[in-house]
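Enquirer: Protein chains in written order, with the working numbering: chain Z, 9 to 342; chain U, 4 to 563; chain R, 486 to 618.
Honestly, the hints are just simulated from the structure, not real lab data. Treat the hints with caution; some may be incorrect.
List of simulated lysine-lysine pairs, BS3-like, C-alpha gap at most 25 Å [claimed, not checked]: (1) Lys236(U) x Lys538(U); (2) Lys439(U) x Lys243(Z); (3) Lys525(U) x Lys243(Z); (4) Lys113(Z) x Lys565(R).
Note that the coordinates shown come from a computational prediction; the quantities given were computed from them, not determined experimentally.
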Amino acid sequence: MANLGERVLAGDIRAASRLIRNLEDGIPDTDLIMKDIFLKTGKSHVIGITGAPGAGKSTLTDELIAAFRKKDRSVGVMAVDPSSPFTGGAILGDRIRMMRHAEDKKVFVRSMASRGNMGGLSKAVGESIHVMDVLGQEVIIVETCGVGQQEVDIINHAHTVIVVLVPGMGDEVQALKAGLMEIADIFVINKADRDGAGKLYKEVLSVIEMSSRNCGGDGWTIPVLMVESVLEPHKFAASVAALGEKIEEHHQYLVANNLIEARIRNKTAAELNEALWASIMQPVLNELNAEGEFEMMVDQLMKRHIDPYTLAREIAGRYMKRSPCGDGSSADQS
Amino acid sequence: MFTPDLLDKSSQLRRKWEDEVKRTVEKHADQKESWTTLSDMDIKRLYGPEDIKDMDFARDIGYPGQFPYLRGNQVTGYRGKYWTFRMFSGMSTAVETNRRWHYLLQAGQTGLSTAFDFPTLMGYDTDSPRAKGECGKCGVAIDTIDDFQDLIQGIPLDKITTSMTINPPASVLWAMYIASAELQGVPLDKIGGTIQNDMLKEFIAQKTFMCPPDPSVKLISDTVEFGTHHVPKWNTISISGYHIREAGSTAVQELAFTLRDGMEYIEDATRRKGLHVDQFAQRLSFFFNAHIDFFEEIAKLRAARRIWARALKERYGAQDPRSLWMRFHTQTAGCSLTAQQPYNNVVRTAIEALAAVLGGTQSLHTNSLDEVFCLPSDSAVQIAIRTQQIIAEETGAANTIDPLAGSYFVESLTNQMEEAAWDYIHKIDDMGGMVKAIERGFPQMELSDAAYKFQRQIDSGEKTMVGINKYVEAEEQVNIPIVDIDESIEEEQLRRLAAVKRSRDSRYVAECLNDVLTVCKKGDNVMPTVIAAVKAHATVQEVCDVYREVYGEYRDPGIY
Amino acid sequence: MSRKLRVLIAKPGLDGHDRGAKVLARAFRDEGYEVIYTGCHQTPEMIAAVAIQEDVDLVGLSCLSGAHNYLFPQVTRLLKEEGADDIVVMGGGIIPEQDHAALHEAGIAAIFGPGTPLDAITGWINDNVKPRD
Numbered sequence: 009m010a011n012l013g014e015r016v017l018a019g020d021i022r023a024a025s026r027l028i029r030n031l032e033d034g035i036p037d038t039d040l041i042m043k044d045i046f047l048k049t050g051k052s053h054v055i056g057i058t059g060a061p062g063a064g065k066s067t068l069t070d071e072l073i074a075a076f077r078k079k080d081r082s083v084g085v086m087a088v089d090p091s092s093p094f095t096g097g098a099i100l101g102d103r104i105r106m107m108r109h110a111e112d113k114k115v116f117v118r119s120m121a122s123r124g125n126m127g128g129l130s131k132a133v134g135e136s137i138h139v140m141d142v143l144g145q146e147v148i149i150v151e152t153c154g155v156g157q158q159e160v161d162i163i164n165h166a167h168t169v170i171v172v173l174v175p176g177m178g179d180e181v182q183a184l185k186a187g188l189m190e191i192a193d194i195f196v197i198n199k200a201d202r203d204g205a206g207k208l209y210k211e212v213l214s215v216i217e218m219s220s221r222n223c224g225g226d227g228w229t230i231p232v233l234m235v236e237s238v239l240e241p242h243k244f245a246a247s248v249a250a251l252g253e254k255i256e257e258h259h260q261y262l263v264a265n266n267l268i269e270a271r272i273r274n275k276t277a278a279e280l281n282e283a284l285w286a287s288i289m290q291p292v293l294n295e296l297n298a299e300g301e302f303e304m305m306v307d308q309l310m311k312r313h314i315d316p317y318t319l320a321r322e323i324a325g326r327y328m329k330r331s332p333c334g335d336g337s338s339a340d341q342s
Numbered sequence: 004m005f006t007p008d009l010l011d012k013s014s015q016l017r018r019k020w021e022d023e024v025k026r027t028v029e030k031h032a033d034q035k036e037s038w039t040t041l042s043d044m045d046i047k048r049l050y051g052p053e054d055i056k057d058m059d060f061a062r063d064i065g066y067p068g069q070f071p072y073l074r075g076n077q078v079t080g081y082r083g084k085y086w087t088f089r090m091f092s093g094m095s096t097a098v099e100t101n102r103r104w105h106y107l108l109q110a111g112q113t114g115l116s117t118a119f120d121f122p123t124l125m126g127y128d129t130d131s132p133r134a135k136g137e138c139g140k141c142g143v144a145i146d147t148i149d150d151f152q153d154l155i156q157g158i159p160l161d162k163i164t165t166s167m168t169i170n171p172p173a174s175v176l177w178a179m180y181i182a183s184a185e186l187q188g189v190p191l192d193k194i195g196g197t198i199q200n201d202m203l204k205e206f207i208a209q210k211t212f213m214c215p216p217d218p219s220v221k222l223i224s225d226t227v228e229f230g231t232h233h234v235p236k237w238n239t240i241s242i243s244g245y246h247i248r249e250a251g252s253t254a255v256q257e258l259a260f261t262l263r264d265g266m267e268y269i270e271d272a273t274r275r276k277g278l279h280v281d282q283f284a285q286r287l288s289f290f291f292n293a294h295i296d297f298f299e300e301i302a303k304l305r306a307a308r309r310i311w312a313r314a315l316k317e318r319y320g321a322q323d324p325r326s327l328w329m330r331f332h333t334q335t336a337g338c339s340l341t342a343q344q345p346y347n348n349v350v351r352t353a354i355e356a357l358a359a360v361l362g363g364t365q366s367l368h369t370n371s372l373d374e375v376f377c378l379p380s381d382s383a384v385q386i387a388i389r390t391q392q393i394i395a396e397e398t399g400a401a402n403t404i405d406p407l408a409g410s411y412f413v414e415s416l417t418n419q420m421e422e423a424a425w426d427y428i429h430k431i432d433d434m435g436g437m438v439k440a441i442e443r444g445f446p447q448m449e450l451s452d453a454a455y456k457f458q459r460q461i462d463s464g465e466k467t468m469v470g471i472n473k474y475v476e477a478e479e480q481v482n483i484p485i486v487d488i489d490e491s492i493e494e495e496q497l498r499r500l501a502a503v504k505r506s507r508d509s510r511y512v513a514e515c516l517n518d519v520l521t522v523c524k525k526g527d528n529v530m531p532t533v534i535a536a537v538k539a540h541a542t543v544q545e546v547c548d549v550y551r552e553v554y555g556e557y558r559d560p561g562i563y
Numbered sequence: 486m487s488r489k490l491r492v493l494i495a496k497p498g499l500d501g502h503d504r505g506a507k508v509l510a511r512a513f514r515d516e517g518y519e520v521i522y523t524g525c526h527q528t529p530e531m532i533a534a535v536a537i538q539e540d541v542d543l544v545g546l547s548c549l550s551g552a553h554n555y556l557f558p559q560v561t562r563l564l565k566e567e568g569a570d571d572i573v574v575m576g577g578g579i580i581p582e583q584d585h586a587a588l589h590e591a592g593i594a595a596i597f598g599p600g601t602p603l604d605a606i607t608g609w610i611n612d613n614v615k616p617r618d
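Taking the hints into account, I'd like the entire structure generated from these sequences.
Expert: Have a look at this one:
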C-alpha cells in the first residue's frame with residue numbers, strides 16, 4: 009500500500025487511478041496513504057460544474073479542457089454519474105464527450121458512479137481531488153448532476169462553482185431559488201441559440217439582484233454567461249474560452265481578496281468531518297452490522313422495547329471507553 | 004370501401020366465426036398469447052372487410068402510375084423491366100474492385116454499386132494515422148482521382164449507372180466521377196448514378212460523420228443544386244432507412260425517420276438554394292431494408308410510396324407527377340443473418356427479397372450467405388444474384404402488379420404503418436425538424452431503446468432466431484470459405500498515394516484547396532472548386548480537411 | 486464496501502456499427518457493472534489511456550470493419566507497455582474463426598461473434614473477470 013502512495017507522488021498515472029479506485033471502493037487503510045498525500049496538496053484550482061441532466065455539462069467540460077490546454081494548464085476531471093438504483097450498475101456517460109483529450113498526457117479524466125451512498129461519495133470525490141492535485145493537475149473540474157444535498161456537498165469541494173442552465177427546461181428558476189443561488193459563482197446559459205435564452209438570462213439576472221450574496225456576501229458580482237450551441241463549433245469554442253477567462257478571474261478575485269482561505273476552510277472542515285466519520289462511525293457501524301446487531305436493534309425499536317437515544321448512548325459508552333482519548337464521561341448512564 | 008349490406012353480412016359471419024374460435028381455443032389453447040410482427044405491432048387472428056372499411060379506393064389505393072402511387076410508379080410494373088439487380092461490391096484496391104465489376108456485369112447485373120473502405124468513407128487518406136489497419140478492409144480505398152480512374156477502367160459511364168455508397172465525402176467522390184466523365188469525353192447530362200449522400204441517417208444510425216448536422220446538410224444541398232443544373236440524370240441523395248433498421252430500429256421507425264430525413268432535404272434545398280421542389284424531387288431516391296417479417300416489410304414499402312406522394316403533393320406543393328414518385332432500392336437485412344448454420348441465410352435472403360419485390364422495389368441487393376463473416380466470396384455472390392433471377396423469372400412473383408393489393412390484412416397493415424409513421428413525422432416537426440431532433444438525440448435514443456428491447460426478446464426466447472435461440476446445433480462446424488483481405492494492400496496503396504503526391508503540382512493543389520476554403524467560408528456551392536481540386540490530384544482527405552476546418556468536426560455524442 | 490466491476494466498452498477504428506456496443510453497455514449496467522463507453526472512431530492509444538485512467542477491470546473491444554487483426558493487438562500491446570496487462574481484454578464483432586488463435590495469442594481473452602446471447606457474455610465475465618485487488 010505504501011508503495012502505491014510513493015508511486016502516486018512520483019507521478020504514476022496508473023497508481024493514481026488505482027488509488028482513486030480504492031478511495032471510491034472504501035478500501036480499509038487507504039487513509040494511511042492519503043495522510044502523506046494530503047500534506048502536498050492545495051495547489052490546484054478546483055472548479056465545480058453542476059446543472060440538470062441534459063444541460064450539456066460534459067460537452068462544456070470538454071471544451072473547457074481544450075481552453076485550459078491552450079494555456080498549457082494541466083487538467084483533471086472528476087465526472088460523477090448516478091448509479092442505477094435497481095441494479096447498482098451505472099453507465100458513466102460523461103467520458104465519451106471528452107475522448108478527444110484521451111491521448112493528452114496532461115489531461116486526466118476520471119468517471120465515478122454515485123453508488124447511492126450517504127457521505128461516502130463526497131468524501132471519495134474530495135480525496136480524489138487531492139490525488140489529482142498531487143499529480144500536478146493545475147485545474148481540476150468536478151462535474152456532477154442535479155441540485156440535491158449530495159451534489160451540493162460535492163460541489164463544496166470547489167473554489168469556483170458554475171451552474172449550467174438551458175432554456176426551456178421549465179422549473180430551472182425554481183431550482184435557482186431553492187438553493188443553487190447559494191453556491192453559484194458563475195451562471196452559464198448553455199445552448200443559447202434556443203428559444204427562451206434571452207428570457208432565462210433576464211430571469212437569472214433578477215434572481216441574482218435579489219440575492220443576499222450579491223448585496224452583502226463576498227462582493228463578487230455573479231456573472232451570467234451565454235454559451236453558444238456546440239453545433240456551431242467556432243462560436244461554441246469562443247464562448248467557452250470566455251467562460252475560462254471568467255473562471256480564472258474569479259480565482260484571482262478570491263486570492264486577491266483573501267477569500268480563498270474561507271472557501272478552503274469550509275472544505276477543510278468538511279474533510280475533517282468526513283475523516284472523523286470514517287474513522288469513528290464507520291468502524292462502529294461495520295462491527296454492528298457484521299454481528300447482525302444493528303438489525304436486531306432495529307427490531308427492538310420497532311417493537312418499542314427500547315428507544316434509539318438510549319441505544320445510541322449505550323453504544324457510545326461501549327466504544328468511547330475503549331478509545332484512548334475518551335474518558336467515557338459523555339456516555340455515562342445518568 | 005364496401006356497401007353497408009356487405010359489411011352487415013360480414014359482421015354476422017364474423018360473429019359466428021368468433022364464437023367458434025372461442026370454443027376451439029377453450030379446448031386447444033393457441034401456441035402463444037400474443038402474435039406480433041417483428042417490430043411488435045399486434046396482429047389479429049384474422050382480417051376482414053371491417054378492417055379496411057374506412058378506406059376510399061380512389062383516394063387510398065387506386066392504380067399504378069396514379070396518385071397516391073400505393074401500387075407503384077410504373078404503369079406496366081415489372082413487365083416492362085424487372086427491378087435493377089444491383090449488388091453492392093468493393094474490395095481492397097480499385098483494380099480488384101474493377102475486376103469484380105466486370106465479373107458482375109458478365110453475370111447479368113445491370114447496375115454497379117460501390118463499397119468504399121472506412122478511411123475513404125470517413126474522409127481520411129490511407130496515409131492518415133487514423134486509417135491504420137483499415138485500408139481496403141470493407142471496400143475499396145480511394146485516395147485520389149488516379150485510384151478512381153482505375154476503378155472505372157473499361158466501364159462506359161454513359162451506359163452503366165453507378166451507385167456510390169459514400170456520405171461525408173460524397174461531394175468529393177462525386178467530383179471524381181464527374182471529372183472522370185469529362186476525361187472520358189462523356190457529357191455530364193449523359194451520366195447517371197447515385198451517391199448516397201444522406202448524412203442525417205449517419206447521425207441517427209451509421210455514425211459515419213465528419214461535420215455537424217447543419218453544415219452537413221448544406222453540403223448535400225450543394226450537390227442537389229449542382230446536379231439540378233449540370234448533371235440532371237444523377238440521383239443526388241439516396242435517403243436511407245437501411246442503416247437505421249440495421250442499427251436496431253423498428254419497421255415504423257425506419258419508415259418514419261427515413262421519410263422525415265427526405266423531407267428535411269427538400270426543405271433545406273428549397274430554403275437554402277431557392278430551388279422549387281419540382282426541380283429536384285425526381286432526383287431523390289430512397290433505400291430501404293427488407294427484413295424477415297414478410298408482410299410487415301411489404302406493408303412498409305407500400306406505405307412509403309403513399310406517404311411520400313402525399314407529402315410531396317400536400318406539404319411541398321409539387322406539381323409534376325414524377326416528383327411524387329418514390330423510387331427506392333432495397334437490400335435484404337444483414338442483421339437478420341446468422342453466423343450459426345449460415346446456409347439458412349440463403350433462405351432468409353430469398354424470403355426478404357420476395358417481400359421487396361412484392362413491395363414494388365425498383366432495385367435490389369441480395370445479401371450473400373457469408374456476409375456475417377467477411378466480404379462475400381464470388382460463389383456466395385452468385386447464389387445471391389441467382390436468388391433475384393429465380394424470383395424474377397421462375398416464381399411468377401413479377402407477373403402482375405402489386406398482387407397483394409386489396410388483401411384485408413396487407414391493406415390494413417399498410418394503413419397502420421402509414422399512421423404510425425405520420426405520428427413520428429409530426430412529433431419531429433414539433434421539435435423543429437430532423438436536424439433539431441438529432442441535436443436533441445431523439446431518433447438516436449428511439450433506436451437504442453428498440454435495439455436493446457429486441458436483444459432482450461431474443462435472449463428470453465420471446466422472439467425466435469433459428470440457430471441462435473432455437474434449433475441450435477450443439478457441435479456446429481461451419482465451413483465457409485473466408486475472403487481474406489491481404490494486409491499488403493495497405494502498403495501498396497500507401498506507395499500509390501505517395502507516388503501521386505510526388506508527381507502532382509503541389510503549388511497548384513494548394514491553390515485549388517484554397518479556392519475550396521474560400522467558397523466554404525462564403526457559403527457558396529462547393530462543387531465547381533472541388534471538381535477542380537480533384538482534377539489537380541487533391542486527395543479525399545485534403546478536401547475534407549478544408550470542410551473540417553470551416554465547419555468543425557462532429558464527434559460521437561454516444562446517445563444510448 | 487466492496488469492489489465494483491468497472492468495464493470499458495470501446496470501438497477502435499473507423500466503423501460506426503455501434504449497435505452491439507451500446508446494447509452491451511446497457512446489459513452490463515443491468516448486470517450491476519459500472520460501464521464507460523468510448524463512442525465510435527477511437528484509436529488504440531485513446532482506448533489504452535482511458536482504460537488506465539478509469540482503472541477498469543475489463544475492456545470490451547467491438548469492431549465490425551475487418552481491421553481487428555491490427556487494432557485489437559495494438560490495444561493489448563499498449564496496455565502491456567504501461568504495465569496494465571492485468572486488465573482483461575475481450576473482443577466482439579465480425580471476427581472470422583481463423584483469426585481467433587492469433588488474437589488469443591495477442592492477449593484477447595475471449596471473442597464473441599454475432600448472435601451471442603447477452604447472458605453468455607455476462608456469464609463469461611462473472612466467471613473469468615473479477616475486480617482487481
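Enquirer: Hint by hint, note whether the structure agrees.
Expert: Quick rundown of the hints versus the structure:
1. Lys236(U) x Lys538(U): 22 Å, holds
2. Lys439(U) x Lys243(Z): Holds - the C-alpha atoms of Lys243(Z) and Lys439(U) are around 18 Å apart, at most 25 Å.
3. Lys525(U) x Lys243(Z): 17 Å, holds
4. Lys113(Z) x Lys565(R): 17 Å, holds
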